[in-house]
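Protein chains in written order, with UniProt numbering: chain F, 1 to 152; chain Y, 1 to 557.
Since the hints were derived computationally from the structure, they do not count as laboratory data.
Bear in mind the structure is a predicted one, so any value in this text is a computation, not a measurement.
Glycine included, every Cβ here is placed at the ideal spot set by N, Cα and C.
Careful: at least some of the hints might be erroneous.
To be clear about the criterion: a stretch of chain F counts as covered by chain Y if any three or more of its residues have a C-beta under 8 Å from a C-beta of chain Y, and this derived list gives those stretches [stated by the list, open to error]: (1) 56-69; (2) 88-98.
Pairs of lysine-lysine, BS3-like flavour, derived with a Cα cap of 25 Å [claimed, not checked]: (3) Y/Lys212 - F/Lys92; (4) Y/Lys235 - F/Lys6; (5) F/Lys6 - Y/Lys212; (6) F/Lys6 - Y/Lys141; (7) Y/Lys235 - F/Lys92; (8) Y/Lys143 - F/Lys10; (9) Y/Lys241 - F/Lys92; (10) Y/Lys140 - F/Lys6.
Residue-level listing of the chains:
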Amino acid sequence: MAALPKRIIKETERLVSDPVPGITAIPSEDNLRYFEVTIDGPNHSPYADGVFNLELYLPDDYPMCAPKVRFLTKIYHPNIDKLGRICLDVLKDNWSPALQIRTILLSIQALLGAPNPDDPLANDVADDWKKDEKRAIEIAKEWTLKYATKKD
Amino acid sequence: MSDDDSDIFFEYEYDQEDDLDESSFCFSSDGEDDVMFDVDGENSDTPQTKISDTLANVGANGTLYYPWNVEQFIENKLLAKLDKLANGTLTACSIDELLIMLQVKGWQEDEVLNDYFDNRDKLYEACGLPVGVPMRNTLKKIKNYSCFVCCEDYSETYVYSLTCGHTYCINCYYSYISNELANGGPITCIEPDCKYTIPYRDVTDIFDIVNKTNHGGVTTIKSMVENPLLVANTKAMINSKRKYKWCPATDCNGFAELVGNVNDSVESLSSAKESVDISKVPIVTCSENHEFCFDCNYENHLPCPCWIVKKWIKKCNDDSETANWIDANTHGCPQCQSAIEKNGGCNHMTCKKCKFEFCWICFEDWKKHRNDYYSCNKYRNERQEDEQRKNRSKQSLERYLHFYKRFAIHENSMKGDLKTMAQIDTYTRLYMEDLRDQGKKNLSWNDIQFLPTAMRALQNGRKALKWTYCFAYYLGKSNFATIFEGNQDFLNKTVEDLSEVFEQIMSKKNPDKVGMILKNKTKLRNLSELVNSRKNMLINGARANLDDGLLWFDNEI
Ligand SMILES: [Zn+2]
Ligand SMILES: [Zn+2]
Ligand SMILES: [Zn+2]
Ligand SMILES: [Zn+2]
Ligand SMILES: [Zn+2]
Ligand SMILES: [Zn+2]
Chain F
1 MAALPKRIIK ETERLVSDPV PGITAIPSED NLRYFEVTID GPNHSPYADG VFNLELYLPD
61 DYPMCAPKVR FLTKIYHPNI DKLGRICLDV LKDNWSPALQ IRTILLSIQA LLGAPNPDDP
121 LANDVADDWK KDEKRAIEIA KEWTLKYATK KD
Chain Y
1 MSDDDSDIFF EYEYDQEDDL DESSFCFSSD GEDDVMFDVD GENSDTPQTK ISDTLANVGA
61 NGTLYYPWNV EQFIENKLLA KLDKLANGTL TACSIDELLI MLQVKGWQED EVLNDYFDNR
121 DKLYEACGLP VGVPMRNTLK KIKNYSCFVC CEDYSETYVY SLTCGHTYCI NCYYSYISNE
181 LANGGPITCI EPDCKYTIPY RDVTDIFDIV NKTNHGGVTT IKSMVENPLL VANTKAMINS
241 KRKYKWCPAT DCNGFAELVG NVNDSVESLS SAKESVDISK VPIVTCSENH EFCFDCNYEN
301 HLPCPCWIVK KWIKKCNDDS ETANWIDANT HGCPQCQSAI EKNGGCNHMT CKKCKFEFCW
361 ICFEDWKKHR NDYYSCNKYR NERQEDEQRK NRSKQSLERY LHFYKRFAIH ENSMKGDLKT
421 MAQIDTYTRL YMEDLRDQGK KNLSWNDIQF LPTAMRALQN GRKALKWTYC FAYYLGKSNF
481 ATIFEGNQDF LNKTVEDLSE VFEQIMSKKN PDKVGMILKN KTKLRNLSEL VNSRKNMLIN
541 GARANLDDGL LWFDNEI
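Full structure from sequences and hints, please.
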């Protein structure tokens, strides 16, 4: 494997020494481009008190290309599909090499606090959300309780 | 047109030798091409003019098209529009600004003009151009710089910034631009949410510096037609519009542009399922004279209609294992069984060991082929009666292999021919250069103009021949099918004769290649004319007989 670019080393160091509150990102021992990530559900959101596991992978052309991020924990959210893929502009067209792992993870956390059913990835969830927001929020809370509670 | 008449503030701080040659930007202004450009986008409401139609090429079946390659297209279509605006209506804008505006507006110069006079500031903003301040893009060498994106600490490096002042190292900008090129759109500042667009010529400068310093390259981007951004725009345009199709030949960056209402012609073609009217097959060429079918984006496959081609290719893929087995087991001398290595395209073989002369296609004695009544191509079902027990599927496999083998052999021979012809081409070029260096002129380009013509005749002749085996495979039995086979044999013989002449020219036995070419001039000329006329005879005959129902494709096959 090619040597790790300075950029990735620096980002990793900072993620460890100066972690973002409510977010952890730990590089895998055998692949330093692969991170195990947890994001705490934001307070006052249907995902509050939940801890969500994600995987983050830095492709070879990072930072020219966005990191690949995916939810591993099941989640009921109009912008996240069954496979855990995330519909977020900064992960796609609006990616910039000046963005970082930490900014991306913060954006994902913000997305949990502000679901956007008008730009859906999971169409059925988005439909539910638009038809009956109260009910959708209930389901999201149930799923959070069922799949995303802290394990000691 | 002047490059520095505007408010560009472009700062270069490097040694003289690194100085970028501004004059190397070449904006061709070939005024007489203008007529062609009205045949523009699908959105253009300019009606088709007679003039543009006469400039378009007419394909083998009457298809109107323009043969292009990327560079020609950039020069004659894109840069011509730039030229028009820069020297005409929008002299107040810089080249950089005009190029960005044209790209954002899909190269519709009318739209640029309309929007400009409607609301200049709005257009500039939409294009990511500075409004109210001069453009102050900066590319300069500085000391002790830490780049925020790559996290490298440079003791000295070039850095680039747009009017916004967001600065990053040149390596990051180079990787960033290279990565964004695939999108074909305007590329903005690296900073997230910063909308300033990177001008075309800055891309050239950044690429030149990085290629020179990091990759040890000496080649610089000499003219605008090589600009990576323009090349990427053009490719994206060709990929996204139905009136353009890339040439399918390997390593060719040519393409064809269909003239007229593309939707009509494309629809009429796809609706013509199982049509036997091969006069509808839209044969076009790229700038390099490669013939191809605009409909299925495959090489010229006449006399076969497109749907037969699709069927054949599918069959060949499905049966590829059987065919491979046959391939592997039939490559030896039919007399002494020793291995034969085939290099060129010609199928007249001589065994190195026993000197037996034979045909690579039917493995029969070559002498038989001198007889006009011998057919190397006819599928003989001789054993049919002796082996009644042989099941149908085995028979149909044998039949398929008969045609597939010939198809595959000519496909390989096309590659062999190409190799031989490339060698001849190199020889003649070297020879010509030699003569020119010596100041002699006893052989002029005119004297060997017959060469490319003969080479093209061989390639196209063999290509048509190859497709006749697909054609014949699906052909129903009739007297006219027998006539077709006869024409096939005629074409086969002439193609092999022509191929053999080329191969003899390159033979190790004869050191004076150019002398050999000149000696064979008349022979090459006659043979290539014969190949062309026999090819046309075969295709026209097939077309007419299909039309009249005298030839038909057997649906059972
Ligand atoms: Zn950098
Ligand atoms: Zn900027
Ligand atoms: Zn081509
Ligand atoms: Zn076709
Ligand atoms: Zn032999
Ligand atoms: Zn033969």
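Now for the hints, and whether the structure bears them out:
no., hint, in the structure
1, 56-69, "holds (count 4)"
2, 88-98, "holds (count 5)"
3, Y/Lys212 - F/Lys92, "32 Å, violated"
4, Y/Lys235 - F/Lys6, "34 Å, violated"
5, F/Lys6 - Y/Lys212, "23 Å, holds"
6, F/Lys6 - Y/Lys141, "22 Å, holds"
7, Y/Lys235 - F/Lys92, "22 Å, holds"
8, Y/Lys143 - F/Lys10, "22 Å, holds"
9, Y/Lys241 - F/Lys92, "24 Å, holds"
10, Y/Lys140 - F/Lys6, "23 Å, holds"
When the structure is compared with the earlier hints, violations turn up for hints 3, 4 and for no others.
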